[in-house]
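Participant: As a plain string of letters, each chain reads:
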Amino acid sequence: MALSGLEIYKLLPKTNCKDCGFPTCLAFAMQLAAKKASLDKCPHVSAEAKQALEGASQPPIKLVTVGTGDGKLQIGNETVMFRHEETFHHPAGVGFLIEDSLDDAALKKKLDKINKLQFERVGQRIGANVVAIKSASGDAAKFSQVVKSVCGSTKLNIVLVAEDPKVLAAGVEASKDRRPLLHGANKANVDEMVKVAKGAGLPLVAVASGLEEIAELTQKIKAAGVEEIVIDTGPKDLTAKVNDLTYARRMALRKTFRPLGYPAIAFTTSSEPADEIAEAASFISKYAGIVIMKNCEPEEVLPILATRQDLYNDPQKPVQVEPKVYDIGNVTKESPLIVTTNFSITYYTVAGEVEASKVPTRIMACDAEGMSVLTAWAAEKFTPETITRMLGTVNADSLVSHHTIVIPGYVAVMSGKLEEGSGWKIQVGPREASGLPNYLKNFKV
Amino acid sequence: MALELIKDKWTNNINEVMLGADKPIKVGGENTLPFLFQEGDMPNRPVVAMEVWDMEPPDWPAHLKAALGDAVKSPVEWAKKAISEFGADLIVLRLQSANPETGNASADKVAETLKSVLAAIDVPLIVIGCGDDQKDNDIMPKCCQAAKGKNCLFGLATEDNYKTLTVSCMADGHSIIAESPIDINIAKQVNILITDMGFDAKRIVMHPTTASLGYGMEYVYSIMERARLAALNGDKMLAMPFILFVGQEVWRVKEAKEEEPGWGDVAKRGHLWEMTTAINMLQAGADILVMRHPQAFKDTKKAIERLMKK
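Same order as they appear, the protein sequences are chains X and U.
For the record, in the first sequence the residue sitting at position 252 is 252 according to the numbering used here, with numbers rising by one throughout.
For the record, in the second sequence the residue sitting at position 183 is 183 according to the numbering used here, with numbers rising by one throughout.
You may find that some hints are simply not true.
Stated by the list, open to error - Partial list, computed: chain U residues near chain X (C-beta under 10 Å):
no., residue
1, Phe37
2, Ser222
3, Ala296
Said to hold, decoys possible - In the SDA-like style, the derived pairs of lysine to any residue whose C-alpha atoms are separated by at most 20 Å in a straight line are:
no., chain 1, residue 1, chain 2, residue 2
4, X, Lys444, U, Glu101
5, X, Lys317, U, Arg226
6, X, Lys236, U, Phe37
7, X, Lys222, U, Leu3
8, X, Lys255, U, Pro61
9, X, Lys441, U, Trp263
10, X, Lys358, U, Leu36
11, U, Lys7, X, Tyr247
12, X, Lys113, U, Trp263
Keep in mind the hints are simulated off the structure, nothing from the lab.
In this text, a Cβ means the ideal position worked out from N, Cα and C, and glycines have one as well.
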């Protein structure tokens, strides 16, 4: 946990020398606590104080980077147990297990499938971002060959899974420039695994079945010089696994218990699609940093990616679409023009129903700062004035000949004022988007 | 080194609500956040109810209707099939035919249907109005009366329309669903309004509003977590079990309904989307899930078995 201003003050020289640029040591301490100044501004701070302060300023859950470049995966550095308290910061990696026992054709087929797991939904790009390659054979040459082949055919981030340090080292050799995550060190092989990880400067997974053993292992790994660690309590019953993930996160955040202050990786244990989804979705909602699945059919992966997309949305920043007119279908000058707000969920719900109606329609998404219709109306962001202004901005007169707009049923009360203010004819649409298909099919100016 | 994990203990538990008469079940009663059995107990596992309409749903996607078969033509057959074939813990009967836009059936007519469904099943029944406030206030008193003695759960009471339903439920011995629009303050307010009329707080189930996965589910998820934390910390006006209408929301979204290149088999995607939404709601504290697709239904029940394993 971060230190308070007063706790920091006690560790400072208390000379008020102003060399840091602040009038007093206390003022400087307050700025440090608020993370608005850094400790190196004070030239007089003692070595012990420095160590104590730097230790305390480390995030409670270590940030770990897997992979390189734009698509790299960063996990950890989380600050809350519940997303409403702030937000979940680093979206979990979602990936798939590939065993080195697959033959070339099967390997290629699986990778082709995995590479296609990139989707665009509700205006955002989401996709799988990890491949975990497991040595099933225990053969270093075989592992190295498959790792090389995978690295050549996908840009996704790599996790190497092998228990034998020699086999893992062969995999590292074949994928060094990809900054893979190494899985992993257990009680028996930790010394050698640390050497492999440290030698290549790579992050390492600590594997043990209980959190207590995990804590011992991470301390050993850290003492040996590997800083970026991920934890794995191995295959378990669903709820036992979720409990592990929950308690590790809680110990790190509430007790600043550093031996568990690392992101976690969780592998699904079921192969049956629905059973596997139940696990993967639970791991995403309950704190896993990486989820590795077996199945990679798009209809099974998409709900998991959407779960991640939803839960990692920042609750303080509503997701917005660009305020403008969207054409759905082959619109003409006679097509209906319906009005809604630019809150992403509102817009996409409306757009989905319009698509389903098969009636070509224009949707004008007004800038309501990302609020839904009723909220925006109550906050005076979705008013006769803002709609009138928007009609001008998009030059709506040039788009439709009927000079009519449809407003959501929930804001029917504004019809009169809007008609007067804008000079447009107003029709009141259904209250819920689900009423749109029926409404649009019977639309008449 | 003995590692001592932080175990939270709470002062309050969620109310336990008994539903049904012939084969009653209890919901709620937990004194922990979901599935943290080292800290508390969930004496009643979350249950899954199948949604049955009193008319054939006009616009459900073909792959959903196909999975249900001809039973959708008769509420009695549909309810019976839900229990015998799909293993429904409860049945939800939605009185859609009374809605002025979809048939405008009379109070007598829907009460008759309700009676015939009650006669055919022994599991608890949840009864939902047609969604039109005025019409619901017209049909619900008759329906409550028709179901007297069956200890049903009736909905939906909202901040603007709760009095008629509250009075009827009280008179005929039913529990009530209090709905709020993804707003913890209104959720509490509706519960207060209903109890102020003399209604027993321990016979209220909360509907915090449902949203599909991918369409605002996270707002519901967080409202549920906030309400649950407040309830466990002692707020008795939020200590009601949660009901979520998962099927109703999921089967409106593109991901469950529409073909899309690269998105995989839509027939499977639909029920997996419904099940995934249900799983997320369970992790946020759902007590009753109302679902539509038999496969999603079975998969969710199986997941609950696994989640409840201590």
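Participant: So, for every hint listed, does it hold in this structure?
Facilitator: Okay, the hints, checked on the actual structure:
Hint status for Phe37/U: holds, given a least beta-carbon distance of 7 Å to chain X, under 10 Å. Given the 10 Å rule on beta carbons, the hint for Ser222/U holds: about 4 Å separates it from the nearest Cβ of chain X. A distance limit of 10 Å between C-beta atoms decides the matter here; for Ala296/U the minimum to chain X is near 8 Å, and the interface restraint holds. In summary, the hint linking Lys444/X to Glu101/U is supported, as the alpha carbons are separated by about 18 Å, within the 20 Å threshold.
With a CA separation close to 18 Å, the supplied pair Lys317/X and Arg226/U stays within the 20 Å bound. Between the alpha carbons of Lys236/X and Phe37/U the distance comes to roughly 15 Å, so the proposed pair stays at or under 20 Å and holds. Only pairs whose Cα atoms come within 20 Å are accepted, and Lys222/X paired with Leu3/U is accepted, the gap being roughly 18 Å. Distance hint between Lys255/X and Pro61/U is unfulfilled; the C-alpha atoms sit about 50 Å from each other, more than 20 Å.
Of the supplied pair hints, the one linking Lys441/X and Trp263/U is violated, its CA atoms being roughly 28 Å apart against a limit of 20 Å. Restraint check: the Cα-Cα separation between Lys358/X and Leu36/U comes to about 47 Å, which exceeds 20 Å; the hinted pair is violated. The hinted pair formed by Lys7/U and Tyr247/X meets the criterion: a straight-line CA distance of about 9 Å does not exceed 20 Å. Pair hint Lys113/X plus Trp263/U holds up; C-alpha atoms about 11 Å apart against a cutoff of 20 Å.
In this structure, the hints that do not hold are numbers 8, 9 and 10, in rising order.
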